[in-house]
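Protein chains in written order, with my numbering: chain A, 164 to 520; chain B, 164 to 520; chain C, 164 to 520.
Among these hints, one or two may not hold up.
To give an idea of the chain A side of the interface with chain B (calculated C-beta under 7 Å), a few residues [stated by the list, open to error]:
#, residue
1, 184
2, 213
3, 220
4, 332
5, 453
The following residues of chain B were derived to be distant from chain A, with all beta-carbon distances above 12 Å [said to hold, decoys possible]:
#, residue
6, 183
7, 192
8, 233
9, 248
10, 250
11, 254
12, 257
13, 275
14, 349
15, 361
16, 418
17, 437
In the SDA-like style, the derived pairs of lysine to any residue whose C-alpha atoms are separated by at most 20 Å in a straight line are [said to hold, decoys possible]:
#, chain 1, residue 1, chain 2, residue 2
18, C, 439, A, 465
19, B, 439, C, 362
20, A, 193, B, 227
21, A, 465, A, 179
22, C, 380, C, 308
23, B, 467, B, 190
24, C, 322, C, 363
25, B, 351, B, 335
26, A, 391, A, 403
27, B, 252, A, 189
28, C, 468, C, 323
29, A, 193, B, 465
30, A, 415, A, 431
31, B, 447, C, 275
32, A, 252, C, 430
33, C, 439, A, 480
34, B, 447, C, 406
35, B, 447, C, 252
36, B, 483, B, 469
37, B, 439, C, 434
38, A, 415, A, 357
39, A, 391, B, 496
40, A, 439, B, 190
Keep in mind that the hints were calculated from the coordinates and are not lab data. Positions of the beta carbon are idealized from the N, C-alpha and C atoms, including for glycine.
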Amino acid sequence: MKHLLNILDLSTKEIYELIKVSNHIARNPKRYQNICAHKQLATLFFEPSTRTRLSFESAMLSLGGQVLGFSNANASSTAKGESVRDTIKVVSGYVDIIAMRHPKEGAPYVGVETTQVPLINAGDGGHFHPTQTLADLATIYNEAGRLDNLVIGVCGDLKYGRTVHSLIGAMSRYKNISFVLISPDELKIPEFVKKDILDKNHIPYKEVTSLEDSISKLDILYMTRIQKERFLDIKQFDRLKDSYVLDVKKMKNAKKSMKVLHPLPRVNEIAVEVDKDPRAVYFKQTVYGKYMRMALILKLLKEKKKPSNIKIKDTHISTKRCSNPHCISLVEQELEAKVYKDENKIVRCAYCDAEID
Amino acid sequence: MKHLLNILDLSTKEIYELIKVSNHIARNPKRYQNICAHKQLATLFFEPSTRTRLSFESAMLSLGGQVLGFSNANASSTAKGESVRDTIKVVSGYVDIIAMRHPKEGAPYVGVETTQVPLINAGDGGHFHPTQTLADLATIYNEAGRLDNLVIGVCGDLKYGRTVHSLIGAMSRYKNISFVLISPDELKIPEFVKKDILDKNHIPYKEVTSLEDSISKLDILYMTRIQKERFLDIKQFDRLKDSYVLDVKKMKNAKKSMKVLHPLPRVNEIAVEVDKDPRAVYFKQTVYGKYMRMALILKLLKEKKKPSNIKIKDTHISTKRCSNPHCISLVEQELEAKVYKDENKIVRCAYCDAEID
Amino acid sequence: MKHLLNILDLSTKEIYELIKVSNHIARNPKRYQNICAHKQLATLFFEPSTRTRLSFESAMLSLGGQVLGFSNANASSTAKGESVRDTIKVVSGYVDIIAMRHPKEGAPYVGVETTQVPLINAGDGGHFHPTQTLADLATIYNEAGRLDNLVIGVCGDLKYGRTVHSLIGAMSRYKNISFVLISPDELKIPEFVKKDILDKNHIPYKEVTSLEDSISKLDILYMTRIQKERFLDIKQFDRLKDSYVLDVKKMKNAKKSMKVLHPLPRVNEIAVEVDKDPRAVYFKQTVYGKYMRMALILKLLKEKKKPSNIKIKDTHISTKRCSNPHCISLVEQELEAKVYKDENKIVRCAYCDAEID
């Protein structure tokens, strides 16, 4: 059985096929409107995320399927102390496919150990959010016309933004990609992204602090939000914040063919006036996201009998607990600490992939 | 594309047709049970309202359609600071029709600016609640046999009760209507309702404080709840409250043909013993409400390609913020203050219709 | 019209038929997948219970029906002070069948007074939870091969565990049943269960404190959770807790044919390592639960025109309020206290069945 926990669980060929199928669905919705009749999707959202949940639910309903679930953990048995393992085990006995979102990193890996049906990670803390990346890739492919030969600017909070890390990981598999990483010093891209993804794949990149100065070279501008809470020094935030707001004035320096993406929700990092610019494709991006989720659900249901695509990392039980405070292994009861050695011989947590000191 | 934000967005002819269709549905439910197959309704409830939400959801499901949404703002991206504008824009890319409820007045007018599908106001603070009024009108038409030639008593909190204001507005368009406005002095009908609706349409009315003394003349009695919180002087509330409770004793003085309506939920303003009286039609009213919502959904989906019925009031951007503390324009980010001049040359907020000082 | 409020509302013959139908559904799901087309189930959960709610919702969807409802009281009109009576009255005007869960004991009996459609009790406080017992019975029948000739161990919190009381009540109607009641002294089975169920039906039982010593004689082991909060003396809890945890070591002393059940969610009263033991059937139990709910929904919809099966106990209005602090009659407005005399001439509350002092 196949699952989707990390965008890298899918080959570039599989992603290309998902994009093709999603475009076919978009053009021929009636041919798909009964294809999942009598199939049930559970949307298990241990933390709220309306955008993602409604996208999944609308996707399944548009395939003729049915939906059930919960939209936050208070409404779930988790409030009574139930483990992720048991919840997934039980619900997977009721339904045909599960999309789960959880605030703890690595939670879907716990789910995969007991699920009896395909499992989709709809976001696990700051770790992964692969269906957002699928939406991003479909948007780039359809709006820019290609997934290679692109100069991609990513702007905002590059330190904590998991969508940014996933996007960089996913795009690093295409030819002739380069990145312009635009952020304040406080929120620069983490070392592990540079080392494990960019350097390893020989992807050119530069780190800059000015959106204004770098926008003219970009084919893609991927905007994200800068959160005030991230700054130790509020004055620093106030001084910086406007330089990371995309407005009509900054758009004037951009290429005619540049496309602006944003994972949404936005707060004020893109001025509303930009919405009218044809290069602003972030609302289209949500529609691509729905069609990609439809294609993904179809794929996973179809490939239910194929072997698992989740790399059973060469893990062993460890006596040492994961030191990532957001890791699922610290709260899930009776979950043994598991670790693996990555290609660079670094010992990592099998759930959240954090380095074990 | 047509929407429903205010009951006055519908002509009396359209309302009559909705009643006819709703009655046809009630008598022939099977003929409608697949009519919305593969159509999706989003119920976006930024504040909880079970009654209204379940009525909409059951209505859509009874038409063979599908439903998704959220039941309070905590479960929505709004908690992350997303604007109404963006939420409606995105969700309208997923579904075929939207019913939204919001605690802020005028919020659906913001939604109309970006929605790509028909939008129904399922209540915006103290402003409008047009589908409740549709339920009221269908109940009066079916139970009293007519929408004209009626003496209508409205009793309780006439100051803050939006359903009362909407009902008076809607009924003022029919012939030979008069109102008996029954309330304590603290909760009398506001001046603007008298001036802008009753006087303008030459509708006779009187204001009284005793339900007992006036019940005998009524064809319709529309009950509402009096909330303790509305009174500055609790002793005053305690002295008054029983005189606004409808009980079997007071019903004895009413006409045999009088009908009692209530928008529900009731707390104790109608004694449970009255439920058995055949003149009590407030539970039937909820069923009429469901069928009217079915008729409305059908109408809006059918007339999707017709021009908008939302009067683009002759608005202009104002430098002055709306002074209504409940207005959406005070909280929605980057929403410019817009105003218009009404027929009496009074300057009003384009969102919540409050007078701008 | 038939309802299900208490497992004893069903005869053993009806339960047997439900098991047969549920097994037929499990083997032939496609033959049932449209059987409830255009029927609506309302899941009215005045307190959260994901497990039970998702089981009901998946059951109805697997029958081709539709689902609407709410998952906690905050999202309901109850927050505005609406009575259970009115909520059930209104919702039963929208849908075909209702499953309700409520934190107050006896709440479904209030619902039955006004519902227009079949009502299922999905748990009312510490009172009843009959669909859990249906799941338990189907599990025992299918996994142990019979409902009679069984030595049944129930372990854990026997004082407050409503599932335990219901199971004992239900099993007491079968031949040659005996119980081993395993609990700490603080959490022994209440006197009324011994007197009114066990003694009355001449069921042999013994009360013991050691799971380890008694496991070898059991055909069925029904585990429940012991909550720390139940203990006045925390040291006592800490001393005891491990002896009520089922682990691989204790399982070694059990019969090869013994079956372990648990109503779930479990916290740590069954070690995860036991999950792999083929005698652990608590996850299968949840699947049996779904099929039993499907069978129950079918039965109640089919028997809609039959007379009510809810014993209209010979009640009379009482001037004395029920003294059970969890009784619905203390909070539901305008609900008269009703009492009845049971077979032993004890005066009981008609809602929660508590003895009236």
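Structure-based check of each hint:
Interface hint status for residue 184 of chain A: violated, as the beta-carbon distance to the closest one in chain B is roughly 18 Å, over 7 Å. A cut of 7 Å between beta carbons decides the hint on residue 213 of chain A: the least distance to chain B is about 4 Å, and the hint holds. Here the hint on residue 220 of chain A is kept, as its CB sits about 4 Å from the closest CB of chain B, short of 7 Å. A least Cβ separation of about 24 Å between residue 332 of chain A and chain B goes past the 7 Å threshold, and the interface hint is therefore violated.
With a cut of 7 Å, the hint placing residue 453 of chain A at the interface with chain B holds, because the nearest CB-to-CB distance is about 6 Å. The beta carbon of residue 183 of chain B sits about 30 Å from the closest Cβ of chain A, which is more than 12 Å, so the claim that it is off the interface holds. The Cβ of residue 192 of chain B sits about 21 Å from the closest Cβ of chain A, beyond the 12 Å cut-off, so the non-interface label holds. Interface exclusion of residue 233 of chain B from chain A breaks down, the closest Cβ pair being 6 Å apart, not more than 12 Å.
Not every beta carbon of chain A lies more than 12 Å from that of residue 248 of chain B, the smallest distance being close to 7 Å; the non-interface claim is violated. Residue placement check: residue 250 of chain B does not keep its beta carbon more than 12 Å from all beta carbons of chain A (closest about 8 Å). Listed as a non-interface residue, residue 254 of chain B fails to keep its Cβ farther than 12 Å from every Cβ of chain A; the least gap is roughly 6 Å. Residue-level check failed: residue 257 of chain B sits 4 Å from the nearest beta carbon of chain A, not beyond 12 Å.
Non-interface call for residue 275 of chain B relative to chain A: holds, since the shortest CB-CB distance, roughly 16 Å, exceeds 12 Å. No beta-carbon of chain A comes within 12 Å of the beta-carbon of residue 349 of chain B; the shortest separation is about 38 Å. With a cut of 12 Å on Cβ distances, residue 361 of chain B stays outside the contact zone with chain A, its closest approach being about 40 Å. The Cβ of residue 418 of chain B lies farther than 12 Å from every Cβ of chain A, with a closest approach of about 48 Å, so its non-interface assignment holds.
Residue 437 of chain B, annotated as away from the interface, keeps every beta carbon of chain A farther than 12 Å; the closest lies near 36 Å. The hinted pair formed by residue 439 of chain C and residue 465 of chain A fails the criterion: a straight-line CA distance of about 28 Å is larger than 20 Å. Taken as a hint, the residue 439 of chain B and residue 362 of chain C pair is broken in the structure, with Cα atoms around 44 Å apart against an allowance of 20 Å. About 16 Å separates the Cα atoms of residue 193 of chain A and residue 227 of chain B, which keeps this hinted pair within 20 Å; it holds.
Using a Cα cut-off of 20 Å, the hinted pair residue 465 of chain A and residue 179 of chain A holds, with the two alpha carbons roughly 17 Å apart. Our distance criterion of 20 Å between C-alpha atoms is met by residue 380 of chain C and residue 308 of chain C, whose separation comes to about 17 Å. The hinted pair formed by residue 467 of chain B and residue 190 of chain B fails the criterion: a straight-line CA distance of about 26 Å is larger than 20 Å. Taking the CA atoms of residue 322 of chain C and residue 363 of chain C, the gap is near 19 Å; set against the 20 Å cutoff, the hint holds.
A hinted pair counts as satisfied when its Cα atoms are at most 20 Å apart, and residue 351 of chain B with residue 335 of chain B qualifies at roughly 18 Å. Taking the CA atoms of residue 391 of chain A and residue 403 of chain A, the gap is near 10 Å; set against the 20 Å cutoff, the hint holds. Restraint check for residue 252 of chain B and residue 189 of chain A: satisfied, since their Cα atoms lie roughly 18 Å apart, inside the 20 Å limit. Under the criterion of a C-alpha separation no larger than 20 Å, the hint pairing residue 468 of chain C with residue 323 of chain C is inconsistent with the structure, at around 36 Å.
The straight-line distance between the Cα atoms of residue 193 of chain A and residue 465 of chain B is roughly 18 Å, inside the 20 Å bound, and the hint therefore holds. A distance of roughly 19 Å separates the Cα atoms of residue 415 of chain A and residue 431 of chain A; the hinted pair therefore holds under the 20 Å criterion. Using a Cα cut-off of 20 Å, the hinted pair residue 447 of chain B and residue 275 of chain C holds, with the two alpha carbons roughly 18 Å apart. Under the criterion of a C-alpha separation no larger than 20 Å, the hint pairing residue 252 of chain A with residue 430 of chain C is consistent with the structure, at around 14 Å.
Between residue 439 of chain C and residue 480 of chain A the alpha-carbon distance is near 19 Å, which keeps this suggested pair within the 20 Å criterion. Taking the CA atoms of residue 447 of chain B and residue 406 of chain C, the gap is about 58 Å. The hint is violated against a cut of 20 Å. This hinted pair checks out: residue 447 of chain B and residue 252 of chain C have alpha carbons roughly 10 Å apart, not beyond 20 Å. Restraint check for residue 483 of chain B and residue 469 of chain B: not satisfied, since their Cα atoms lie roughly 34 Å apart, outside the 20 Å limit.
Of the supplied pair hints, the one linking residue 439 of chain B and residue 434 of chain C is violated, its CA atoms being roughly 56 Å apart against a limit of 20 Å. Using a Cα cut-off of 20 Å, the hinted pair residue 415 of chain A and residue 357 of chain A is violated, with the two alpha carbons roughly 30 Å apart. Restraint check for residue 391 of chain A and residue 496 of chain B: satisfied, since their Cα atoms lie roughly 17 Å apart, inside the 20 Å limit. With a C-alpha separation of about 47 Å, the suggested pairing of residue 439 of chain A with residue 190 of chain B is violated against the 20 Å cut-off.
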